[in-house]
Each structure stands twice: as C-alpha cells, then as structure tokens.
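Listed in order, the protein sequences are those of chains H and X. The opening residue of the first sequence carries number 1 in this note's numbering; numbering runs sequentially from there. The opening residue of the second sequence carries number 339 in this note's numbering; numbering runs sequentially from there.
Just to be clear, a hint being listed does not mean it is correct.
What the hints assert, rightly or not - Okay, the calculated beta carbon distance ranges per label pair: (1) X:ALA600 to H:HIS336: 20 to 26 angstroms; (2) H:GLU252 to X:GLU509: 21 to 27 angstroms; (3) H:GLU154 to X:PHE454: 35 to 41 angstroms; (4) H:LYS119 to X:VAL604: 58 to 64 angstroms; (5) H:GLN334 to X:THR610: 44 to 50 angstroms; (6) X:MET339 to H:ASP187: 45 to 51 angstroms; (7) H:THR97 to X:ARG606: 53 to 59 angstroms; (8) H:HIS196 to X:HIS477: 33 to 39 angstroms; (9) X:ARG606 to H:SER282: 44 to 50 angstroms; (10) H:ASP187 to X:HIS340: 55 to 61 angstroms.
Said to hold, decoys possible - No more than 25 angstroms apart at the CA atoms, straight line, and that leaves these computed lysine to aspartate or glutamate pairs for DMTMM-like: (11) H:LYS189 to X:GLU492; (12) X:LYS527 to X:ASP553; (13) X:LYS613 to H:GLU186; (14) H:LYS275 to X:ASP617; (15) X:LYS511 to X:GLU666.
I should point out that these hints are in silico values taken from the structure, not numbers from a laboratory. Fair warning: this is a prediction, and the values are worked out from it, not measured in the lab. Beta carbons are placed, not taken as given, at the ideal position from N, Cα and C, and that holds for glycine.
2 protein chains.
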Amino acid sequence: MHVTVAIDCMGGDHGPHVTVPAALDYLRREDEATVVLVGLEDAIAGELRKHNAAAHPRVSVRHATEVVAMDEQIASALRGKKDSSMRVAVNLVKEATADACVSAGNTGALMAISRFVLKTLTDIERPAICSVLPTLKGHTFMLDLGANVDCTAEHLLQFAVMGSTLVSAVENKERPSVGLLNIGEEDIKGSEIVRHAGELLRSSGLNFYGNVEGDDIYKGTTDVVVCDGFVGNVTLKASEGLARMLGTYLREEFERGLLTRAAALVARPVLTAFKRRVDPRSYNGATLLGLRGIVVKSHGSADRVSFRVAIARAVEEARGGILNRITERMSFMQEHVA
Amino acid sequence: MHVTVAIDCMGGDHGPHVTVPAALDYLRREDEATVVLVGLEDAIAGELRKHNAAAHPRVSVRHATEVVAMDEQIASALRGKKDSSMRVAVNLVKEATADACVSAGNTGALMAISRFVLKTLTDIERPAICSVLPTLKGHTFMLDLGANVDCTAEHLLQFAVMGSTLVSAVENKERPSVGLLNIGEEDIKGSEIVRHAGELLRSSGLNFYGNVEGDDIYKGTTDVVVCDGFVGNVTLKASEGLARMLGTYLREEFERGLLTRAAALVARPVLTAFKRRVDPRSYNGATLLGLRGIVVKSHGSADRVSFRVAIARAVEEARGGILNRITERMSFMQEHVA
C-alpha cells in the first residue's frame with residue numbers, strides 16, 4: 001500500500017536540518033511512500049537542494065508560515081498559530097491528503113492540536129501516547145506515557161484495546177497479551193481505579209495477562225503494558241535517566257587510566273554492538289493513539305537516524321489500518337461485553 | 339553511641355544461613371554495636387557454631403517459635419503468628435531492648451506488624467518506605483516506594499519532611515533539597531493531588547526544589563525525591579528490570595564468540611569496577627519511615643553482603659536520632675506554617 005506522510009519539518013531541536021535528510025533517507029529505503037514536507041518553504045527548499053533532491057518525484061513541499069516553539073504554551077500553539085507547520089501537517093491528515101503525520105515538536109501542543117483537528121475515534125474518550133520499549137524477549141508497547149494524568153478504569157480499558165490493536169496490526173500477532181501495570185501480581189493490589197480496570201479487562205475479551213509489575217516491562221512479560229500517563233511518563237523518563245547513568249559509569253570506568261583505555265580499545269566492537277542493541281534511536285516514535293488519524297511524535301532531540309525511524313513507524317501504522325481496527329474492536333466489545 | 343539491633347534471622351529467601359553470618363560480619367566491622375538474633379534457636383545456634391561465634395560477647399539469641407513466610411497473607415502474619423521472628427524483633431524495638439530492627443521478610447507483613455506494634459509518630463499519618471538510589475552525583479533518597487497506593491497532598495508533605503530529616507541525620511546535610519516527582523517542571527503540571535502537594539511544599543520551610551521528572555532521580559537533581567507509593571514502586575521495579583536487561587545484554591555481547599570472550603578477559607577489571615559501582619547490594623535496606631521505632635527492610639533475596647549493608651543502615655539511623663528529629667520538624671512546621 002502506497003502511503004503519504006506529512007512531516008512537520010520545523011519541529012524538534014534541529015528542524016529541517018535533520019527532518020528533511022531523514023525523510024530523504026526514508027524514501028531511499030522505501031519505494032511505496034511519498035512525503036509532504038511542511039514548514040518554511042525556503043528552509044526546506046535549501047535542505048532539499050543541499051541533498052540534491054530539489055526535484056525528488058516523491059517529495060512535495062507545503063509552506064507553513066509559523067513554527068511552534070519547543071517550550072511554547074499549548075494555548076498559544078493551538079489558538080495563536082493556525083498556520084504552524086505542526087498544525088498544517090495534522091490538517092493534511094484530517095483532509096486525507098496524508099495517511100499519517102510525524103512531528104518532533106512540543107508534545108503537549110501536538111496532542112492538543114491533533115485532538116482539536118482530528119477528534120478522537122468513536123468510543124475512545126482520551127487519546128494516549130504509546131511507545132515501544134526494548135525487553136529481554138524483544139520489545140513491548142507501553143501506554144499511556146503522559147497524555148492523561150488522571151485516568152478512570154474505563155480509560156485504562158480503552159488504552160488496552162488501542163495498544164492491543166496496534167500490536168496486532170504492526171506485529172501480526174493475533175491476540176497480543178496485555179498487562180496492567182500494578183504494584184503486585186494479586187488482583188487485590190493497587191488503587192481502586194487500577195483494581196476496577198483489572199475487572200474490566202478480565203471481562204473484555206482481550207488476552208489479559210493480569211497485573212504486571214515494573215520489572216515485567218523489561219522482562220517482556222506481555223506484548224502491551226497499560227498504565228495511566230503519570231506512572232507511564234515517570235517510568236519512561238526514569239528509565240532514560242538510569243540508562244544514561246549506567247552508560248556514563250561504564251564510559252568513566254573505561255576512561256579511568258591507561259590500562260582501562262587499552263581495554264576499551266580491545267572491547268570496542270563488543271561495546272559498539274551493545275550500544276547498537278540498546279540504541280534508543282531505534283525505538284524513536286511515540287504514537288498518539290485514539291485519534292481519527294495517525295500522528296507520530298518523534299523525540300525532540302531526534303537525529304537523522306531516529307527521525308527516519310519515526311517516519312517508518314507512521315507508515316507501518318497507516319499500512320496496518322489501525323484506526324478502523326480500533327473502532328471495530330471497541331464496537332464489538334460494547335456489543336458483546338456488558 | 340552504642341546501638342543494639344534486633345535481627346529477624348528467619349526472614350528472606352535464605353534465612354539464618356545468610357542473616358547470621360551477615361550479622362557477624364557487621365560486628366567485625368563495628369565495635370559499638372550489639373545484635374539480638376531472633377528466630378528458631380536451634381537454627382541460629384547452629385549457624386553461630388558454624389562460624390565459631392557461639393560465645394560472641396555482642397551476640398544474644400532470642401527464640402521465636404514461628405516464621406512469617408515470604409508469600410504469607412498479611413492478616414495471617416499479623417493475627418495468626420504472634421510469636422514470629424519478625425514480630426518478636428519489632429517487639430524488641432517497642433520495648434526499647436533494641437534501638438532498631440532489620441528483616442528481609444515479607445514487606446507487607448513487616449509494615450503491618452510494625453504499624454500495629456510501634457504505631458506512627460505524632461503528626462505522621464502514614465509510614466512510607468524510603469530507599470537510597472545511586473545517581474550521577476552520588477545518591478538520592480526516594481519515598482514512598484510502595485507502602486501507600488493512594489496518597490493525599492498532606493501525606494506527600496509528610497513524606498518530604500521524613501525524607502529530608504533522614505538525609506540530614508545520616509548525611510549531615512543541613513537542608514537537603516526535596517523534589518516532587520511529576521511529569522513536568524512547571525507548577526501547573528500533574529494531578530490535582532501532586533499540584534496541591536507542591537503548594538504545601540512551597541510553604542513548608544523545607545528546601546523544596548520544585549517538581550522533578552523521572553530522569554532527575556538518576557541525575558541526582560535533589561537529595562530527596564517524593565512520590566506516592568504506586569509511582570515509587572513501579573519506578574523502582576522498572577529500574578531494577580532495566581538494569582538487569584542491560585546487564586544481560588552486555589554479558590551476551592561479551593559471550594558471543596571467541597574474539598568477544600577474549601575482549602571480556604581484557605576488559606574484566608573494568609567491568610568488575612563498573613559492576614561494583616552499580617552493585618545493588620550496596621544500596622540494600624529500605625527504611626519504614628514514620629514509625630515510633632527504626633525498622634529496616636532488606637531485600638528478600640539479600641546475600642550476606644547486602645544483608646550486612648541493611649544492618650549498617652539501621653545502626654546509622656539509630657545514631658542519627660531520626661525519630662525525634664522528625665517529630666520536632668513536624669511540630670515546628672505545624673506551629674510556624676499554617
């Protein structure tokens with residue numbers, strides 16, 4: 001299936017300097033895709049010329065006069081900048097010019113604009129942020145990672161349906177297992193909301209594994225891990241912080257003296273393989289799940305490689321037809337589980 | 339100051355086999371301490387003989403006929419086993435025979451028994467579990483790590499007072515900085531409870547840094563990180579899971595082939611230094627903070643080294659006089675901040 005992706009070229013810490021070459025890299029690897037580069041025309045055209053792609057047959061440019069700043073207030077981005085590259089990219093999805101869009105811009109603004117422009121899917125009250133994390137067994141999808149601070153049990157159930165549908169669409173798994181993040185395995189553990197979510201999940205028809213604990217995320221116990229956005233966001237950021245700390249410690253030990261530096265030289269291929277394996281860039285791209293359109297949020301500091309990965313994620317989701325699948329699953333559940 | 343520690347020798351995955359030699363190791367390093375070994379007399383005496391310490395002048399044995407199982411229901415441990423080693427150890431603190439106690443047993447049971455036997459300090463509604471985590475700058479104290487699933491803003495404030503007092507007592511820091519775990523730095527971020535806790539903290543007289551995010555834990559942004567027990571527990575366990583995953587990956591890369599195994603030999607001293615630096619054993623020992631007595635919970639799987647570390651933590655806290663300090667701080671706050 002041919003997919004068209006709208007790319008907010010101005011978002012992120014680096015803007016067109018990273019987003020444009022990343023889009024071109026992606027097109028080199030993928031024949032069945034077209035990109036619409038959205039943002040300040042001159043900046044984008046300059047980057048395209050620099051990469052000898054001014055006349056690329058699968059690239060078009062859509063001018064947008066404004067840029068949402070990384071630290072901009074949501075209200076200002078939503079109401080004050082109707083012609084921002086972010087908003088125009090989301091609009092292209094809304095009007096079906098694009099099948100998906102990708103932005104490395106301000107998460108809060110992207111979520112607010114996407115909700116406002118695209119609206120949520122039928123029976124979904126709140127969109128959630130879903131991302132892929134590496135595990136001992138492969139990887140797992142976790143949501144919500146920060147869109148919803150206070151969640152009801154019903155919201156958590158909806159996240160489970162969305163996450164499970166996403167995994168079956170992009171991983172070809174018939175019935176992905178779903179874990180409910182909690183502080184113990186027993187059904188009686190956790191807050192009232194989480195316990196009630198457990199009850200809803202048990203009778204949802206989903207492949208519900210039961211409660212999982214923090215360490216189950218990286219053990220890869222389930223295909224999907226569901227939690228509220230506060231817990232998800234803190235857990236994800238703590239993980240980033242811990243990984244960075246361990247990386248720093250490892251480097252410091254190898255740089256301690258002459259002998260350890262020599263050891264580092266010998267161990268370099270191994271350390272490189274290790275780093276490649278846990279490279280956060282290969283996990284870039286969080287999906288704003290539950291909207292009437294596919295919106296992928298790239299990390300703000302994404303480089304060329306990671307931004308390309310986020311584009312690939314958007315295309316994968318468009319091909320997987322996840323939006324229809326979520327709607328079908330929700331309506332099936334509402335009819336059969338009451 | 340001479341300190342007497344009651345040790346629940348039967349708790350944990352290994353029982354007296356680990357707890358008794360760990361206590362003896364501790365006494366070898368510390369002259370100003372005495373231990374009371376609590377549990378099945380025969381088992382303890384056997385271990386003491388094995389280590390030629392049957393007549394150790396700073397060791398006494400207190401027989402307790404029952405043992406709380408690691409997976410025992412809290413109600414059964416609390417009501418059904420009045421002569422468990424765990425309960426007797428806590429009782430020794432209550433009756434001031436011991437200045438502190440340590441157990442590697444079931445966390446839920448230890449908290450329930452400690453609350454029941456010791457009661458909470460004046461003005462403290464809920465005890466919290468507090469532990470030390472390594473950071474890029476040294477280490478940080480985080481609480482609550484799982485005792486309280488639902489917390490009010492006032493509870494979070496009390497955790498902040500307790501954590502801050504603990505750090506000033508054991509680290510000799512005049513005014514430790516306190517961070518409130520949240521999903522953004524701005525005051526308006528987070529749930530209503532967390533935002534309200536932020537307000538209380540700003541007018542508490544504590545050295546309140548403001549909101550911190552997940553990655554700030556391991557950056558070492560503040561001396562104390564405060565959160566509810568659900569978030570704290572999930573974050574801690576996710577960190578354990580991630581560290582284990584990264585360790586496994588690193589090992590796998592070094593074991594991949596002949597060349598990588600040779601590199602591992604060369605790099606071994608560096609890898610050993612790295613492992614020592616992040617060794618979770620040196621961070622063993624969570625404090626049940628807010629009780630009228632010092633209770634330290636060791637990891638259930640603790641080995642001899644880590645259990646010794648937990649004993650040292652208990653002694654440190656007894657010497658720091660943290661209970662009086664918490665009570666003073668709370669009453670000062672209630673008088674001066676209203």
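Against the structure, the hints come out as follows:
1. X:ALA600 to H:HIS336: 20 to 26 angstroms: violated, 60 angstroms
2. H:GLU252 to X:GLU509: 21 to 27 angstroms: Holds, since GLU252 (chain H) and GLU509 (chain X) (Cβ atoms, about 23 angstroms apart) stay within the stated range.
3. H:GLU154 to X:PHE454: 35 to 41 angstroms: holds, 37 angstroms
4. H:LYS119 to X:VAL604: 58 to 64 angstroms: holds, 59 angstroms
5. H:GLN334 to X:THR610: 44 to 50 angstroms: With a Cβ separation near 57 angstroms, GLN334 (chain H) and THR610 (chain X) fall outside 44 to 50 angstroms, so the hint is violated.
6. X:MET339 to H:ASP187: 45 to 51 angstroms: Since the Cβ atoms of MET339 (chain X) and ASP187 (chain H) sit about 46 angstroms apart, the hinted range of 45 to 51 angstroms holds.
7. H:THR97 to X:ARG606: 53 to 59 angstroms: holds, 58 angstroms
8. H:HIS196 to X:HIS477: 33 to 39 angstroms: This hint holds: roughly 37 angstroms between Cβ atoms.
9. X:ARG606 to H:SER282: 44 to 50 angstroms: violated, 29 angstroms
10. H:ASP187 to X:HIS340: 55 to 61 angstroms: violated, 47 angstroms
11. H:LYS189 to X:GLU492: Within the cut-off at roughly 23 angstroms; holds.
12. X:LYS527 to X:ASP553: Holds, because 16 angstroms separates the two Cα atoms, which is no more than 25 angstroms.
13. X:LYS613 to H:GLU186: Violated: LYS613 (chain X) and GLU186 (chain H) sit about 33 angstroms apart, past 25 angstroms.
14. H:LYS275 to X:ASP617: holds, 21 angstroms
15. X:LYS511 to X:GLU666: holds, 17 angstroms
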